[in-house]
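So the chains spell out like this:
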Amino acid sequence: KAGVTQTPRYLIKTRGQQVTLSCSPISGHRSVSWYQQTPGQGLQFLFEYFSETQRNKGNFPGRFSGRQFSNSRSEMNVSTLELGDSALYLCASSPLSSESTDTQYFGPGTRLTVL
Amino acid sequence: GENVEQHPSTLSVQEGDSAVIKCTYSDSASNYFPWYKQELGKRPQLIIDIRSNVGEKKDQRIAVTLNKTAKHFSLHITETQPEDSAVYFCAASIRAGANNLFFGTGTRLTVIP
Numbered sequence: 001k002a003g004v005t006q007t008p009r010y011l012i013k014t015r016g017q018q019v020t021l022s023c024s025p026i027s028g029h030r031s032v033s034w035y036q037q038t039p040g041q042g043l044q045f046l047f048e049y050f051s052e053t054q055r056n057k058g059n060f061p062g063r064f065s066g067r068q069f070s071n072s073r074s075e076m077n078v079s080t081l082e083l084g085d086s087a088l089y090l091c092a093s094s095p096l097s098s099e100s101t102d103t104q105y106f107g108p109g110t111r112l113t114v115l
Numbered sequence: 001g002e003n004v005e006q007h008p009s010t011l012s013v014q015e016g017d018s019a020v021i022k023c024t025y026s027d028s029a030s031n032y033f034p035w036y037k038q039e040l041g042k043r044p045q046l047i048i049d050i051r052s053n054v055g056e057k058k059d060q061r062i063a064v065t066l067n068k069t070a071k072h073f074s075l076h077i078t079e080t081q082p083e084d085s086a087v088y089f090c091a092a093s094i095r096a097g098a099n100n101l102f103f104g105t106g107t108r109l110t111v112i113p
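Protein sequence lines, in the order shown, are assigned to chains U and V.
For the first sequence, the working numbering gives the first residue as 1, with consecutive numbering after it.
For the second sequence, the working numbering gives the first residue as 1, with consecutive numbering after it.
Okay, chain U solo, but in the shape it has when bound (with noise of 0.2 Å):
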């Protein structure tokens, strides 16, 4: 099976601006979650979908904000960027199952650079 792809993989942008994410988990997994990778706070949790539901949220603020789609593709925005947003974005499917904690295998990321 190919693995969890993201696009792109590669961003640049400004302050104030908006930035959408991509992940496609592996095929036959319904979850998705997503994680924050910094030098100084190391990897959190952003949000995790499942079946198109938000089914989890970490500590972050509003602006950052995600959607499912039915083939379980999974899109992550983030908008009026600070610079503290510089990061690489990972995102992580498992699975399937709706009661129980399942493996999660990563995708590449998107490095996300704010100037």
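Check before you lean on any hint, since a few could be wrong.
[To be verified] Not the full set, but computed from the structure, chain V residues with beta-carbon under 7 Å of chain U: (1) Ser9; (2) Arg43; (3) Pro44; (4) Asn100; (5) Phe103; (6) Thr105.
It should be emphasised that the hints constitute simulated quantities derived from the structure, not laboratory data.
Glycine is no exception: its CB is placed at the ideal position from the N, C-alpha and C atoms.
Please arrange chain V on chain U, whose structure you already have, making use of the hints.
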């Protein structure tokens, strides 16, 4: 929320020696504990995981132990090789049915040939 602490932050070992990385977690409801390896510029790769109903799990040179009472778990790598050099992250999941991982701060392992 869950808080995962990881030690040490850096670790250097001679090739062939063993490496041990330790993590503690705060929420006794956590029930899933994966370990990821991240090489420079690459995605985190799952290397082993353990669930709360198991005390130890082994996969070739890699093993993980879990002590639920003390709320800590450890990664053991034996017969280390230069290709084991990477950053290792532990994580804990606080709630069944929700794929949200709380990560430790990472350990940079360097295996010296």
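What hint numbers does the structure not satisfy?
-> Violated: hint 1 alone.
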